[in-house]
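**Q** Add chain B to chain A, keeping to what the hints say.
Residue-level listing of the chains:
Protein chains: 2
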Amino acid sequence: MNYGYFSEDNREYIITRPDTPTPWINYLNNGKYCAMVSNTGGGYSFYIDPKENRILRYRYNNIPVDRPGRYLYLRDRETSEYWSPTWQPTMKKLDDYKCAHGLGYTKISSSYQGINSEVLYFVPPNDDLELWILTVKNETSKLKNLDLFSYAEFCIWDADSDQKDLQYNLNIAVSKYDEEINSMVYNLFSLLNGLFFFYSSNNIETYDGDRESFIGNYRSEENPIGVEKGACSNSIALGGNPIAATSSKITLKPNETKKVIFLLGLSQNKTKIKEFISKYDNIDKIESSFKELKNNWNNYLKGFEANTPDKNFNLIVNIWNPYQCKTTFDWSRYVSFYETGIGRGIGFRDFNQDTLGVCDRLPKKVRQKLLITAGIQFESGKVYHLYYPITKKGDFPNYTNQQQVFFGDDHLWMIFALSNYIKETGDYSILKENVPYVEGTIENMYDHLKRAIEFTKNHTGPHGFPLIGTADWNDTLQLRGPHKQGESIMVAMQYHKALLDLYDIAQQSGINDDCLEFKKLADEMKDLLNKKAWDGEWYIRAFDDDGTVIGSHKNKEGRIFLNTQSWAVFSGIAPKERALKCMNSVRKYLVTDYGIKLLNPPYSRFYPKFGGISSFTPGLKENGSIFSHTNPWAEIAECIIGRGNYAYEYYEKIAPTTKNNIADIHRAEPYVFAQMITGNDHPKFGNARNSWLTGTAAWTLKAATDWILGIRPEFKGLLIDPCIPESWNGFNVIRNYRNSIYKIIVQNPDHISKGIQEIIVDNKNINGNLIPIFNDNKSHEIVVKMGE
Amino acid sequence: MNYGYFSEDNREYIITRPDTPTPWINYLNNGKYCAMVSNTGGGYSFYIDPKENRILRYRYNNIPVDRPGRYLYLRDRETSEYWSPTWQPTMKKLDDYKCAHGLGYTKISSSYQGINSEVLYFVPPNDDLELWILTVKNETSKLKNLDLFSYAEFCIWDADSDQKDLQYNLNIAVSKYDEEINSMVYNLFSLLNGLFFFYSSNNIETYDGDRESFIGNYRSEENPIGVEKGACSNSIALGGNPIAATSSKITLKPNETKKVIFLLGLSQNKTKIKEFISKYDNIDKIESSFKELKNNWNNYLKGFEANTPDKNFNLIVNIWNPYQCKTTFDWSRYVSFYETGIGRGIGFRDFNQDTLGVCDRLPKKVRQKLLITAGIQFESGKVYHLYYPITKKGDFPNYTNQQQVFFGDDHLWMIFALSNYIKETGDYSILKENVPYVEGTIENMYDHLKRAIEFTKNHTGPHGFPLIGTADWNDTLQLRGPHKQGESIMVAMQYHKALLDLYDIAQQSGINDDCLEFKKLADEMKDLLNKKAWDGEWYIRAFDDDGTVIGSHKNKEGRIFLNTQSWAVFSGIAPKERALKCMNSVRKYLVTDYGIKLLNPPYSRFYPKFGGISSFTPGLKENGSIFSHTNPWAEIAECIIGRGNYAYEYYEKIAPTTKNNIADIHRAEPYVFAQMITGNDHPKFGNARNSWLTGTAAWTLKAATDWILGIRPEFKGLLIDPCIPESWNGFNVIRNYRNSIYKIIVQNPDHISKGIQEIIVDNKNINGNLIPIFNDNKSHEIVVKMGE
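Protein sequences appear in the order of chains A and B.
Be aware that the first sequence starts at 1, since it is given in my numbering, and climbs by one per residue.
Be aware that the second sequence starts at 789, since it is given in my numbering, and climbs by one per residue.
Calculated from the structure, these hints are not laboratory results.
Watch out, some of these pointers could steer you wrong.
The list that follows gives simulated cross-link-like pairs (lysine to any residue, SDA-like), each with its CA atoms no further than 25 Å apart [as the list claims (entries may be wrong)]:
1) A:Lys229 with B:Asp807
2) B:Lys1472 with A:Gln167
3) B:Lys1472 with A:Glu228
4) B:Lys1180 with A:Asn398
5) A:Lys609 with B:Val962
6) A:Lys107 with B:Tyr1006
7) A:Lys229 with A:Leu143
8) A:Lys176 with B:Pro1471
9) A:Lys32 with B:Val962
10) A:Lys609 with B:Ser1055
11) B:Lys930 with B:Asp864
12) A:Lys93 with B:Asn1005
13) A:Lys684 with B:Tyr1006
14) A:Lys609 with B:Gly982
15) B:Lys964 with A:Pro683
16) B:Lys820 with A:Asp165
17) A:Lys393 with B:Asp948
18) A:Lys393 with B:Ser949
19) A:Lys457 with A:Pro436
20) B:Lys1180 with A:Tyr399
Chain A extracted, bound-state conformation:
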């Protein structure tokens, strides 16, 4: 069953019924003011930090789901009947319903007894506020007298405290009507320089600042007493739960259309509010702001455009995956309908991976953030696991208390992110930027990277592999033995790759002294891995604190783990034969209809010595779900060993577009990746959970563009190395790279997966498959002929 489809130009996803299996949401976001909105108007907003500066309140995990939101009610004054043009919260059956999630905006259209309405929500690119624009049209043959109600429920600023310190919070907020600006104005009594406003372009006839006055006792957003009566009670919130509810009148002749603009935002003072109002209380000005928003996104997307035989692939790679990558870059794993933005900071590991998804389009922002986050590294080379974007300070999560306080992998991700950044931009100057350590001493970025290597080098266990510390990439593989000697094979493989990457960086930037050492360490680790981590059909995953192997045929549960197979190939440690063998084992033991499982078999009960991984019920999360993040690594591995059909099959298995017609099984949005898809050991096999904020976004984009299409930035040029399904005749890509436009035409007349016969650049044959750097602000045509 499906609940919608992609629009013709693929830049909108159109939802055709409101009762989607989960709220299907969108981010309206200028990087500071961020609003999430569902397909029925639910959702919340915040400014810069979702814990400290929460604007609209949200009740996570509520029943009914998805409350509250940016709600409007229309009420027919003749019949007293009322409905919500976005379906929620009245949930009254609409004659027609459509929600278009576009890039940075959401438009919900509906019709009820001849009244058509459309609500457009967006956050303008340059101002910290949100716009709700209602267009309402009378399609009946009678004059219609309508009441229009609006509802916004405020969070009392600190979103954590808002959920638990009621005896304090319910006494500190003020929300009232300000006639001069025809707005509800909300602030905390103690917030000297802050003012929230909710403006309506229609004359506000009645209002409520106090939730209880508007909603009524033992009622909800579904049936507010104010709407039922046809008028708010003009209440002021002095303490209590502050809201901005307003009512106004709309009279529509047959066929008449009217528009009402609502502005919700925050400001230092009333003068600034007036500026906002004069700026946005004008449909023309709003339209030009909306156009700017669309242009920004069009420009953003222009950096990479693929045209392949698979339309679904095109729309993910060209539009929705880059769109999701921008969101993960902005908000990491911080704030969604499932991540509450109040429990933790931003992951260092997460952030570094998120840069991969936007580095080509936002190199300056990536550079800036890479330098900031490097500041949470210690002199020893390890890093804090988390950082807080407002304070720029680092932290470890609570559950590290009893553990060795480092994560085996965290610091290594810096090297991958830096290597990717330099390959994309050629900007070696970043290596010379001075950045402090936590202790206060300062060194340049290159030294920071070297210290990351040194930390792993200096922290190895009895078998010579890197200590896992609190955990590695798999946060829940917590080897809780008393000796703190758990070793991670995955980290060992990442270390090998990091050494090679840093070797390349050093060589390319002329710092040759260190190269030999990096190469030597890499070779040693490669040997060790092939000596001690090969299990016969696959690579093992770890050694427990007591030296017991994890991820081996010797184990009954957790016999084979995905990551040490894909990384064995990706990191370059697996000899060809083993690479094939371990990826064949993946195919044999881990591949399911909906993607590749993280491990098999899942743990059937909790094992204290493994910790979190066995705290999940089998088939969920790290205990054997299809943990989406890890699937692109397997796709990359398949590309490396040349099996384009498999790579593409794996790609499609988790691709959201392929879920459009099984939305009742998949449940999450069919336009973005989710963190996890329930594994086949769980009765709800195929359910996606925790959509939007996941490392899957960046890595799947990389797998698609750099490995399947094979258009891959390298230090000295753009490498062309496709590994595609044999069925494809070829494909075209237009890509921005180092200030030139590369128009690449790939032909596949022999229907192979991999291999290049010749490449013609600007009508000239070149040797090899590395396209040079032009840096000339011009277009260049590259024709690639695949062949044995």
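**A** Below, chain B alone, put in the same frame as chain A:
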């Protein structure tokens, strides 16, 4: 308007309509397993600690209010109509409704289309579980085929994490049906030795372990799809939101009555569950357990029984106030419908005051807890502000970070609690008990008390008064100047009283060496206060960090504060004339129709240098509300100066019984005190907020029994010193004291407030008004004749 009344024997409050202004709740509680239940079945439960071990989930501050709860649904199989016998959550209009909140139990009766039902909820005294017993009767003339559904929603154990770490918590719970024990069984996958069970004495026909399966998407407890369809879907929760929903069948002939027993609890294993079931699956056994519960409460209440001309006074003093005191002693300010039990530990100051309300009835428990909490004292004499009951560790709240890390008053409350304990019990041995300091060194309790005095002595400011530190009793009076030199006049007065109390303790226990020093320090502080803290008509409240006076006629806002007037009298520092003058100022400036305000005028805006107190909107909380806790101190002060009419007037103003007929204004329960009543500077003047957990409980009981009735334990006997309304002819009290029963008959033939002409003990005249200690397990008759 009223929503109910007290039953004839006053041991139940009967609510007659379900839509009370706020949920009116009850605590079902054996000191370990605690369940809160509202008059419509809403509420939650926990085991020992409300953060760490939460059993049933609650959505604080939700709309609709008061969800979820212990819900039942009855469904007529002929018509498919369904309703809730406790009104919530279906909120279907009932033909009849009645909720009786009794001591430790709640019984909700209702009737719908001829089906009568009664639901009795209680926690048995000796087992950690809760019982729901449904009695259903067919009063129609037809056979009735009914479906019975039950619903309990589990919290995922850690109540803080449950609200914010959804991406983890929604993957770790298991809830399923266990046929062998006809129960739903819930646990965390990682909880090796824990098992929650929900048993039904009716054969479970269908069930749901998974919330979404039972409720359905975009639905709520109000209209679960399971109930609508007439059958659950037999879902297992493996991750997701775990619930225990069951359905069973009930067939009732005309006039037939049936009973169904539900048990909800936790256990180490299935064997234990079977024991519980065999113990409680039997109406006779349940009745005997219920009888035991009632007996326990009757015995508890027997310790003090007053019979005065005012029936309302009697029912508060004899029943509901001691009942509330037991609750505050058990749960302090930790967990209610407004206190979430997840944001903070138990206040040291709070706990010590809470002992005053139960010391006569629970001396052993008080002794034990006093010794434990003394362990969070530092060698310097100060104490942690908070302690955690499971770990017994202390803590300071977050907001002390920027302050001097002590509260000016905290440590002094130990002395009041100890003095009260010894006066009640004569147990001087507690002074010799060894107790550690935070640093690990050990001294006896007497030394702990001395160090408390020393801390204040060693931390005084420029005027010689005790430094306020982070704050004093008024947590929100945060004098945030840079020099940390804010001084508290209230602490100075408390210090004076603490010195006198410790002087008495030392003298009575024969530690005479210290006495002179205590007396000297007390006299000095008394002089200083009268020299520097008298403002002309009242005592000032504090000096700010920069030496500015707070609570003076010189201030425009915060001119007069209540506490330094009542404590000036209570602590004995005010000479008679000033005592009268300052209490007259209280009457003139602070007394309102609904109680005495904390200060006047409230702060009209936020002043960063005063902190929290001015973060509340005027009339709320510490910014000028009727902060109930402080009213009994004023009552005591009026008793001390002999104005019984005023004392009693103030008593009545906040007494919940006086709110019964203005429940729409008062809003909170008319059978317990609330923390605060909105002041007359607020448009919602008279609204009570944050009911149940407040220091008001203990202090009002003390004001009533020890000061108005004037039956006051002293070191060497029971003092008789009434200060009553002149209108009273007299009153009788039966009081347990030091292993004897004192039957006290007070006669007031001259209709005076205060003064005793003669006292006859066991038919013999005695000198003075101190009744001796008999310690003979016998009754003694004391006839008191009041007179000039």
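**Q** All hints, please: hold or fail.
**A** Verification of the hints:
With a C-alpha separation of about 19 Å, the suggested pairing of lysine 229 of chain A with aspartate 807 of chain B holds against the 25 Å cut-off. Among the hinted pairs, lysine 1472 of chain B with glutamine 167 of chain A is consistent with the structure: their alpha-carbon atoms are about 17 Å apart, no more than 25 Å. Among the hinted pairs, lysine 1472 of chain B with glutamate 228 of chain A is consistent with the structure: their alpha-carbon atoms are about 24 Å apart, no more than 25 Å. The suggested pairing of lysine 1180 of chain B with asparagine 398 of chain A holds, with an alpha-carbon distance near 20 Å, which does not exceed 25 Å.
Distance restraint check for lysine 609 of chain A and valine 962 of chain B: the Cα-Cα separation of roughly 21 Å lies within the 25 Å cut-off, and the hinted pair is therefore satisfied. Taking the CA atoms of lysine 107 of chain A and tyrosine 1006 of chain B, the gap is near 21 Å; set against the 25 Å cutoff, the hint holds. Under the criterion of a C-alpha separation no larger than 25 Å, the hint pairing lysine 229 of chain A with leucine 143 of chain A is consistent with the structure, at around 21 Å. Proposed proximity of lysine 176 of chain A and proline 1471 of chain B is supported: the alpha carbons are some 13 Å apart, at most 25 Å.
Distance check on the hinted pair: lysine 32 of chain A and valine 962 of chain B sit about 39 Å apart at the alpha-carbon level, beyond 25 Å; violated. The hinted pair formed by lysine 609 of chain A and serine 1055 of chain B meets the criterion: a straight-line CA distance of about 24 Å does not exceed 25 Å. Distance hint between lysine 930 of chain B and aspartate 864 of chain B is fulfilled; the C-alpha atoms sit about 12 Å from each other, no more than 25 Å. At most 25 Å may separate the alpha-carbon atoms for a hinted pair to count; lysine 93 of chain A and asparagine 1005 of chain B meet this at roughly 15 Å.
Between lysine 684 of chain A and tyrosine 1006 of chain B, the direct Cα distance comes to roughly 19 Å. Compliance with the 25 Å bound is thereby established for this hinted pair. The suggested pairing of lysine 609 of chain A with glycine 982 of chain B holds, with an alpha-carbon distance near 18 Å, which does not exceed 25 Å. With a CA separation close to 13 Å, the supplied pair lysine 964 of chain B and proline 683 of chain A stays within the 25 Å bound. A hinted pair counts as satisfied when its Cα atoms are at most 25 Å apart, and lysine 820 of chain B with aspartate 165 of chain A qualifies at roughly 23 Å.
Between lysine 393 of chain A and aspartate 948 of chain B the CA atoms are separated by roughly 23 Å; this keeps the pair inside 25 Å, and the hint holds. Between lysine 393 of chain A and serine 949 of chain B, the direct Cα distance comes to roughly 23 Å. Compliance with the 25 Å bound is thereby established for this hinted pair. A distance of roughly 22 Å separates the Cα atoms of lysine 457 of chain A and proline 436 of chain A; the hinted pair therefore holds under the 25 Å criterion. Between lysine 1180 of chain B and tyrosine 399 of chain A, the direct Cα distance comes to roughly 21 Å. Compliance with the 25 Å bound is thereby established for this hinted pair.
In this structure, the one hint that does not hold is number 9.
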